[in-house]
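Here is what each chain is made of, one letter per residue.
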Amino acid sequence: MKLSDIDVAVIGSGPAGMAASIRAKEEGAEHVLILERQEQLGGLLHQCVHNGFGLFYFEQDLTGPEYGHRFAEKVKDLGIQVLLETMVTQISPDRQITAVNNHEGVLRLKPKSIVLAMGCRERSRGQLNVPGTRPAGIFTAGTAQRFVNVEGWIPGRKVVILGSGDIGMIMARRLTLEGVEVKAVVEILPYIGGLTRNEVQCLHDFHIPLLLEHTVTEIHGQQRLEAVTIARVNKDKKPVNGTERMIECDTLLLSVGLIPENELSRMAGVALDPLTGGPVVDQWRETNVSGIFAGGNVVHVHDLVDEVSWEAEIAGASAARFAKKEETEKEKKMLKPGRNIRYVVPQSISAQHDVTLYARVKDMEENVTLKVGDIFSKSLRVVKPGEMLKIDLSPSQLQQLKDDPVELSIEGSKRR
Amino acid sequence: MAQMETEVLIIGGGVLGAAVARELSRYKGDVLLVEKEADFGWGSTKTNMCIVCQGGDTLEFRPEYHRSKLVWDSIPLMEPLCQELDVPFKKVGELALIRNNEELSKFQKLKSRAEKLGLTGHQFIDQDSLRQMEPNITREAIGALHDPHIAIVDPVRLTIGLIENASQNGVKVMTETEILRISREANQFEVETNRGPVKCRFIVNAAGTSVDKIARLVNSDDFVLYPIRGYVGILDKNLGGLIKHEIHMRPDAPGQMNILTPSVHGNLFFGTTMQPALRGDCSVTGRIAEIGLQNVRKIFPDLSEKDIIHSFAGFLMFRNWEVGWHECVVQASQKVPRFISICIGYPGVSAAPAAAREVTELLRREGLRLETNERFIPIRKAPPVFNELPEEQQKKLIAKDSRYGHVVCRCETVSEGEIVEAIRHGATTLDGIKFRTRAGMGRCQGGFCTPRVVKILARELGLSEEKITKKGRESRLLLYKSKDLLEAQL
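Sequences listed follow chains A and B, in order.
For the first sequence, this note's numbering assigns the number 1 to the initial residue and increments by one for each residue that follows.
For the second sequence, this note's numbering assigns the number 417 to the initial residue and increments by one for each residue that follows.
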């Protein structure tokens with residue numbers, strides 16, 4: 001297998017990695033290589049057997065594996081090289097990749113450009129610091145999803161889910177369909193963490209209790225989980241005395257947030273944005289390290305797979321152009337989050353080309369105006385942290401930009 | 417199960433029991449070690465900060481207490497022991513921070529007292545040098561006292577090293593073996609376990625937090641122990657390089673401690689609060705976690721909550737709350753012959769090498785014949801740790817066994833080869849794999865590798881995945897097969 005003269009190397013083959021590699025190839029990169037640690041292409045799509053994938057990208061309602069399959073076929077058709085069961089252990093700032101697998105052993109690669117597409121991981125119990133004992137039966141929602149949908153095992157029969165992220169809500173429905181009693185989905189915030197469509201289709205339609213402004217305050221059981229104590233929280237998210245109650249359960253799933261997986265990015269010297277947890281990128285999804293690009297959930301956690309693929313395509317195309325030594329626009333204006341904006345991606349734009357900005361709010365608000373500097377404003381009935389804002393700007397709008405940095409903000413209305 | 421017979425029965429496979437087993441394997445004679453958990457070192461051995469001669473032990477050396485002598489005597493033994501057993505050991509030194517003149521004079525007194533007792537090497541560090549040595553710690557420190565003796569180890573790997581070396585030299589070991597009753601016959605003990613009766617002449621009671629309970633089984637109640645719970649947090653490896661020494665700050669409130677230290681695996685640990693608690697209640701309360709974070713921020717102000725990947729509580733058994741950790745139990749029972757109890761309380765790992773020698777001496781005095789085992793081999797080779805090997809050796813290893821090229825735990829880069837090897841060495845559970853190989857110990861806390869490790873365990877042990885447990889006994893991970901519950905409802 002030829003592993004020299006690589007134009008673009010893509011780390012990861014989930015919805016981001018596959019889309020980036022396809023786009024890189026289409027943009028004229030000759031030798032595109034995907035490095036994937038699992039046994040097949042697709043990343044986490046395999047375990048996402050529910051529907052709702054591709055509604056925008058393909059304008060069809062697909063399951064995760066179906067969505068992945070379409071990209072995987074294209075990867076094959078385009079002759080993109082794939083190394084499976086290959087773990088990248090290091091990337092250096094001069095774009096040298098070290099990887100390990102069981103057929104080639106330890107590999108050293110020197111591609112002309114790199115796309116980071118490692119996706120994200122789930123926050124664990126350790127990071128949450130949920131008090132109590134350490135029994136078996138506590139899983140992140142994604143780990144449980146793998147057990148149920150890929151391995152064919154059901155963790156337990158009485159389940160409490162902490163956090164209302166999308167995977168948690170989807171697992172609430174999935175487990176109910178398996179005959180499991182999902183006793184409650186417990187969310188510390190006054191609103192859900194995931195998409196409204198999942199709240200409706202996964203919780204309400206299956207009569208699964210959703211307890212907002214509640215949290216798990218203690219875990220019980222020495223060997224296997226026996227119960228959790230939950231309590232209502234005040235507006236500082238602290239448990240309110242006297243509201244505790246115990247729920248008997250053998251399983252606790254955690255769906256309390258996703259963290260972009262950027263250990264390799266760090267090694268490569270890629271600067272990370274503390275607000276997103278992902279690399280600071282420009283409009284072309286190039287990081288501060290020349291020739292290293294990033295797209296998808298490694299940059300920031302998206303709500304929809306379609307957006308992951310689209311963003312990664314920008315990175316793939318840019319990486320191909322870099323490999324061909326094509327110049328990209330270097331003039332940049334910085335973007336910065338203003339009132340009630342948690343983050344904005346990309347963190348800088350060229351102001352010469354069409355651009356789509358992605359942003360997330362800090363808190364839920366109703367009847368507000370979304371503003372980008374003084375060139376864009378839009379009224380919104382409601383904004384929620386669980387639903388990403390997307391703003392398309394044209395060069396004619398961008399020409400009028402005076403400020404640098406440009407501030408994104410949510411104005412008007414009282415906070416809920 | 418058939419009646420088992422042994423000359424010496426060691427109860428408890430923590431670091432102390434393991435150290436005694438290894439020490440006894442230098443001599444001829446049958447030794448059996450039983451551990452109630454599914455693997456070794458799962459009690460206090462695994463729930464501490466992995467520091468050897470921790471928290472100013474050497475500085476606050478009190479010759480009047482036996483425990484101090486054991487710690488001191490162990491200092492020169494620990495490093496060669498770790499070398500023989502092929503387990504990590506790193507001398508990092510301690511910096512005890514000084515924030516004001518009051519603390520300065522306290523440390524001056526301690527230092528001169530330690531020197532009078534013959535323990536040298538402590539040095540005062542001024543503010544500028546401190547900044548150079550540890551640029552990331554609080555600006556409040558006006559200096560520090562440097563203690564060169566402090567080192568870090570991996571206590572579970574040390575324990576497994578001791579157990580494996582003892583086994584190599586003839587000691588028998590059994591896990592998931594719990595003591596139910598002990599009766600005394602004329603010249604021996606009849607010990608009833610959940611896995612059958614054991615006859616033995618000598619008992620070494622190294623049962624950790626149960627040491628007094630075991631002693632009461634033979635009506636040897638000449639000591640009382642009080643469980644004290646401590647809390648430790650683990651920080652992401654990304655911060656690993658930011659602190660190089662074990663940093664100690666004098667606590668601002670009683671019952672607390674404030675320590676931040678690197679681990680041999682590149683994480684940082686911080687320890688705080690010690691308080692009386694119900695035995696075995698290893699739960700971490702929200703309040704303790706909060707105090708822990710507040711305290712460690714006094715040392716390392718930039719620390720974010722998000723940097724904590726895990727936290728745990730562990731137990732120390734204090735002999736006497738008044739004199740705190742200065743007293744320990746290493747004694748032959750005054751009432752029951754041939755029954756030795758050992759419990760250091762704090763710090764068991766640091767004191768283990770000398771304590772094991774002392775237990776051996778106590779056994780001799782109780783009548784055990786110590787005849788040198790000429791075939792004793794002190795060297796034990798640890799299974800390969802892929803991630804720590806130079807590239808050339810990694811290549812060789814994969815060429816020999818391709819499973820070393822299959823990374824299962826991505827956070828800690830643990831390969832399938834290492835997991836299979838750990839199972840061959842006796843791991844039977846998810847936690848066993850975790851403590852032996854570090855798979856699942858990283859920042860995702862097993863989110864990614866758990867299903868994969870379960871699969872490998874099932875395959876290698878020839879069991880269904882349903883039977884795989886987190887930590888033995890009733891801690892099964894997967895309770896039903898897909899569609900089981902639906903069929904049950906029909």
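Hints in this document: simulated from the structure, not taken from any laboratory.
Be a bit skeptical, because a hint or two may be false.
Unchecked claim - Far from chain B, by Cβ distances over 12 Å, these chain A residues were calculated:
hint, residue
1, Glu39
2, Arg121
3, Gly142
4, Ile247
5, Lys371
6, Pro395
Claimed, not checked - Cβ-Cβ distance ranges computed for the label pairs, FRET-style:
hint, chain 1, residue 1, chain 2, residue 2, range
7, A, Glu366, B, Glu890, 48 to 54 Å
8, A, Glu26, B, Arg875, 37 to 43 Å
9, B, Pro670, A, Val150, 36 to 42 Å
10, B, Gln691, A, Thr243, 55 to 61 Å
11, B, Ala904, A, His207, 55 to 61 Å
Stated by the list, open to error - Below, a list of computed lysine-lysine pairs in the DSS-like style, where the Cα atoms sit at most 27 Å apart:
hint, chain 1, residue 1, chain 2, residue 2
12, A, Lys362, A, Lys324
13, B, Lys444, B, Lys722
14, A, Lys110, A, Lys324
15, B, Lys722, A, Lys336
16, A, Lys183, B, Lys811
17, B, Lys660, A, Lys110
18, A, Lys158, B, Lys883
19, B, Lys588, B, Lys629
20, A, Lys112, B, Lys897
21, B, Lys660, B, Lys629
22, B, Lys816, A, Lys238
23, A, Lys362, B, Lys722
24, A, Lys238, A, Lys336
25, A, Lys238, A, Lys362
26, A, Lys2, B, Lys444
27, B, Lys660, A, Lys2
28, A, Lys237, B, Lys629
29, A, Lys112, A, Lys330
30, A, Lys238, B, Lys722
31, A, Lys237, B, Lys714
32, B, Lys812, A, Lys158
33, A, Lys158, B, Lys629
34, A, Lys2, B, Lys629
35, A, Lys110, B, Lys812
36, B, Lys899, A, Lys158
37, B, Lys897, A, Lys183
38, B, Lys588, B, Lys660
39, A, Lys325, A, Lys371
40, A, Lys332, A, Lys402
C-beta: ideal position from N, C-alpha, C; glycine also.
Okay, the hints, checked on the actual structure:
no.	hint	in the structure
1	Glu39	violated, 10 Å
2	Arg121	violated, 5 Å
3	Gly142	violated, 7 Å
4	Ile247	holds, 17 Å
5	Lys371	holds, 29 Å
6	Pro395	holds, 38 Å
7	Glu366(A) x Glu890(B): 48 to 54 Å	holds, 49 Å
8	Glu26(A) x Arg875(B): 37 to 43 Å	holds, 41 Å
9	Pro670(B) x Val150(A): 36 to 42 Å	violated, 52 Å
10	Gln691(B) x Thr243(A): 55 to 61 Å	violated, 26 Å
11	Ala904(B) x His207(A): 55 to 61 Å	violated, 20 Å
12	Lys362(A) x Lys324(A)	violated, 40 Å
13	Lys444(B) x Lys722(B)	violated, 53 Å
14	Lys110(A) x Lys324(A)	holds, 15 Å
15	Lys722(B) x Lys336(A)	holds, 22 Å
16	Lys183(A) x Lys811(B)	violated, 50 Å
17	Lys660(B) x Lys110(A)	violated, 33 Å
18	Lys158(A) x Lys883(B)	holds, 19 Å
19	Lys588(B) x Lys629(B)	holds, 24 Å
20	Lys112(A) x Lys897(B)	violated, 47 Å
21	Lys660(B) x Lys629(B)	violated, 40 Å
22	Lys816(B) x Lys238(A)	violated, 55 Å
23	Lys362(A) x Lys722(B)	holds, 17 Å
24	Lys238(A) x Lys336(A)	violated, 31 Å
25	Lys238(A) x Lys362(A)	holds, 19 Å
26	Lys2(A) x Lys444(B)	violated, 60 Å
27	Lys660(B) x Lys2(A)	violated, 43 Å
28	Lys237(A) x Lys629(B)	violated, 42 Å
29	Lys112(A) x Lys330(A)	holds, 19 Å
30	Lys238(A) x Lys722(B)	holds, 18 Å
31	Lys237(A) x Lys714(B)	holds, 24 Å
32	Lys812(B) x Lys158(A)	violated, 48 Å
33	Lys158(A) x Lys629(B)	violated, 36 Å
34	Lys2(A) x Lys629(B)	violated, 66 Å
35	Lys110(A) x Lys812(B)	holds, 22 Å
36	Lys899(B) x Lys158(A)	holds, 15 Å
37	Lys897(B) x Lys183(A)	holds, 20 Å
38	Lys588(B) x Lys660(B)	violated, 40 Å
39	Lys325(A) x Lys371(A)	violated, 36 Å
40	Lys332(A) x Lys402(A)	holds, 12 Å
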